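Quick note, the sequences are listed as chains D and P, same order.
First residue of the first sequence: 52, per my numbering; consecutive thereafter.
First residue of the second sequence: 2, per my numbering; consecutive thereafter.
Just so you know, the hints here were simulated from the structure itself, not pulled from any lab data.
Keep in mind it's a predicted model, so treat the numbers as computed, not measured.
Honestly, I wouldn't trust all of these hints.
List time: in silico EDC-like cross-link candidates among lysine to aspartate or glutamate, alpha-carbon distance up to 20 Å [unchecked claim]: (1) K453(P) - D294(P); (2) K459(P) - D294(P); (3) K414(P) - E330(P); (4) K364(P) - E330(P); (5) K331(P) - E457(P); (6) K129(D) - E29(P); (7) K136(D) - E29(P); (8) K129(D) - E357(P); (9) K448(P) - E293(P); (10) K364(P) - E324(P); (11) K136(D) - E357(P); (12) K129(D) - D363(P); (13) K136(D) - E330(P); (14) K136(D) - E335(P); (15) K453(P) - E327(P); (16) K136(D) - D363(P); (17) K414(P) - D379(P); (18) K136(D) - E327(P); (19) K459(P) - E335(P); (20) K136(D) - D367(P); (21) K136(D) - E324(P).
What follows is a set of in silico ranges between Cβ atoms, one per label pair, in the way DEER data are often shown [unchecked claim]: (22) T77(P) - M52(D): 38 to 48 Å; (23) A159(P) - A133(D): 46 to 56 Å; (24) Y403(P) - R70(D): 23 to 33 Å; (25) A83(P) - M65(D): 21 to 31 Å; (26) E335(P) - A133(D): 19 to 29 Å; (27) I56(P) - Q53(D): 24 to 34 Å; (28) R70(D) - N263(P): 25 to 35 Å; (29) G373(P) - L66(D): 21 to 31 Å; (30) M423(P) - Q53(D): 55 to 65 Å; (31) M65(D) - A174(P): 29 to 39 Å; (32) L43(P) - R70(D): 22 to 32 Å; (33) G101(D) - P74(P): 25 to 35 Å.
Covered stretches of chain P, going by a simulated chain D footprint (3 or more residues, C-beta under 8 Å) [to be verified]: (34) 10-23; (35) 54-64; (36) 85-97; (37) 210-221; (38) 357-371.
Each residue gets a CB set at the ideal place from its N, CA and C atoms; glycine is no exception.
The primary structure of each chain is shown beneath.
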Amino acid sequence: MQLYVFVLAGFVGMLVIARVPPLLHTPLMSATNAISGISLVGSLVAAGAGRSMVSTILGTVAVTTATINVVGGFIITKRMLAMFKRSDRRPSDAPSNAPKV
Amino acid sequence: MRELFVQASYLLASVFFILGLKSLSRAETASRGVTLAATGMLVAIVGTLMQQVIIDYRWIALGLTVGTVIGVPLGTRVPMTAMPQRIAIALTFGALAATLVGIAEFHDHADTMAFGQRIAVAFEVVLGALTVAGSFVAFGKLQEILPGRPLTYRGQNAVNFALLGVLVLMLGAVVAGVGGPMLFYGLIALAFLAGVMLVMPIGGADMPVVVALLNSYSGLASAATGFAISNNVLIVSGALDGTSGFLLSMLMSKAMNRSFANVLFGAFGSQAPGGAAAAGSSDLVATAISAEDAAVQLAYASNVVVVPGYGMAVAQAQHQVRELAELIEKRGGEVRYAIHPVAGRMPGHMNVLLAEANIPYDKLYDMDEINGDLSRADVALIIGANDVVNPAARTDPTSPIYGMPILNVDEAKSVIVLKRGMSVGFAGIDNMLFYQPRTRMLFGDAKASLVKLVTEIKALS
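Please build the complete structure, drawing on both the sequences and the hints.
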């Protein structure tokens, strides 16, 4: 059953990711990195289920590193994508230096 | 009831992740998609915290707080030129989380684990530890803490194969349940060592492939975590991550005309540089051009194609490039950018660097989009690129880069190359483009040359 989920998700991944243009390959890697922070859900259980001291400590470290990826990963991906702008006006008629959106 | 809520939150998160990645197929929708994926993440976290097994929130709060405190500056402060090492260190963190969860799982349940779970945990820690060590070495090389050149020794491949062989045997033993805890921890240590040994011999120029491949391993490690703790959202995102990394590394090695095996075991850059340089090249003369003449040529061109390479990024010259392009555009010329898939140090890196310098992304063209159109260009301006514009890849079957897809700038009406000197590129081979009758060399530091070009063009009007 779980193997089923894995194979299907991999297949969906192939279809979706093959359509990402090279223009956005760095944001793609950065975004999948942030998404991989989902290992946080496993870490939360290890840290909070009160199973054993070893498990709690390892879990807490895992929560920390996974959170770094989630928080840092989404912020940097958003920051990067905000830099991608279209040229909708001729540069010759852009006299003002006021910020344009 | 509560369990149903948890599962629903995971399903929703999985859907949001897929939709988020789908929106990355267009620049217009990409940012919204990332917000969607982040929302999915939040939903999954809240869902997990609602689980009945979680009884103690103190340690969780500590981890979340420390992680956020470290994560925010890693998101807001890291410069775009440092993206490759930023990704490498993030892979280290991600894989570390997966490995630690695997160890915790083994520590608590080693005796009660079902066979399937045992397989999952074993793969989780092996892939995890391999990725932790491998990405950390990659980070060190990219950050230049470690030497970027390939570190090789005699019999290296034999040692690495032996290491992998022992790793597979130990993995089998752990799965079969023989050997006990010591074998399990030995397996982790060996996987860690293998990660170091496998990435050490790989040179800086090949890092894009390695980082993408490690991304794939880290995805598989978190999918294995999902199998180990029966968590579908982990399996789904691990599979997405795994395929993404795999597709990108395939793409990169294709763009460099190398097979996977060649990147991993070939140590390309370790051939004595210059040894491969064309022997007869000494009687060829490259024609230099002054900044004044180059400026005139650019100022009166109506169709300019800029080919940026890693050299431009190193010189931090992207802002000067934009300034030059704006001047040419003001005079009525069209400026486009031709981006080779391996320009920069990771997939798509050059696009981000140019976007950061406020160059509109609709002027950035992939190799396949612009190659058929390069013969129309009045001037092709090569800034810090070498091997990716070397016509030998098309014409000289004896060249080490023969067959590699290149930008056909030799078809342009004229070519201006900004270059420090006549040194060879990563591949260590001479570039016939520089000796073409239509090619002019503007020697000097890329940034300084661009500043000169800008001043000269301004003086013209």
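The hints, checked one at a time:
{"no.": "1", "hint": "K453(P) - D294(P)", "result": "holds (11 Å)"}
{"no.": "2", "hint": "K459(P) - D294(P)", "result": "holds (13 Å)"}
{"no.": "3", "hint": "K414(P) - E330(P)", "result": "holds (19 Å)"}
{"no.": "4", "hint": "K364(P) - E330(P)", "result": "holds (12 Å)"}
{"no.": "5", "hint": "K331(P) - E457(P)", "result": "holds (15 Å)"}
{"no.": "6", "hint": "K129(D) - E29(P)", "result": "holds (13 Å)"}
{"no.": "7", "hint": "K136(D) - E29(P)", "result": "holds (9 Å)"}
{"no.": "8", "hint": "K129(D) - E357(P)", "result": "holds (13 Å)"}
{"no.": "9", "hint": "K448(P) - E293(P)", "result": "holds (16 Å)"}
{"no.": "10", "hint": "K364(P) - E324(P)", "result": "holds (14 Å)"}
{"no.": "11", "hint": "K136(D) - E357(P)", "result": "holds (9 Å)"}
{"no.": "12", "hint": "K129(D) - D363(P)", "result": "holds (19 Å)"}
{"no.": "13", "hint": "K136(D) - E330(P)", "result": "holds (17 Å)"}
{"no.": "14", "hint": "K136(D) - E335(P)", "result": "holds (18 Å)"}
{"no.": "15", "hint": "K453(P) - E327(P)", "result": "holds (15 Å)"}
{"no.": "16", "hint": "K136(D) - D363(P)", "result": "holds (8 Å)"}
{"no.": "17", "hint": "K414(P) - D379(P)", "result": "holds (5 Å)"}
{"no.": "18", "hint": "K136(D) - E327(P)", "result": "holds (15 Å)"}
{"no.": "19", "hint": "K459(P) - E335(P)", "result": "holds (17 Å)"}
{"no.": "20", "hint": "K136(D) - D367(P)", "result": "holds (17 Å)"}
{"no.": "21", "hint": "K136(D) - E324(P)", "result": "holds (16 Å)"}
{"no.": "22", "hint": "T77(P) - M52(D): 38 to 48 Å", "result": "holds (41 Å)"}
{"no.": "23", "hint": "A159(P) - A133(D): 46 to 56 Å", "result": "holds (49 Å)"}
{"no.": "24", "hint": "Y403(P) - R70(D): 23 to 33 Å", "result": "holds (31 Å)"}
{"no.": "25", "hint": "A83(P) - M65(D): 21 to 31 Å", "result": "holds (30 Å)"}
{"no.": "26", "hint": "E335(P) - A133(D): 19 to 29 Å", "result": "holds (26 Å)"}
{"no.": "27", "hint": "I56(P) - Q53(D): 24 to 34 Å", "result": "holds (26 Å)"}
{"no.": "28", "hint": "R70(D) - N263(P): 25 to 35 Å", "result": "holds (28 Å)"}
{"no.": "29", "hint": "G373(P) - L66(D): 21 to 31 Å", "result": "holds (27 Å)"}
{"no.": "30", "hint": "M423(P) - Q53(D): 55 to 65 Å", "result": "holds (58 Å)"}
{"no.": "31", "hint": "M65(D) - A174(P): 29 to 39 Å", "result": "holds (33 Å)"}
{"no.": "32", "hint": "L43(P) - R70(D): 22 to 32 Å", "result": "holds (26 Å)"}
{"no.": "33", "hint": "G101(D) - P74(P): 25 to 35 Å", "result": "holds (32 Å)"}
{"no.": "34", "hint": "10-23", "result": "holds (count 8)"}
{"no.": "35", "hint": "54-64", "result": "holds (count 9)"}
{"no.": "36", "hint": "85-97", "result": "holds (count 7)"}
{"no.": "37", "hint": "210-221", "result": "holds (count 5)"}
{"no.": "38", "hint": "357-371", "result": "holds (count 8)"}
This entry satisfies every hint, going by the numbered hints stated previously.
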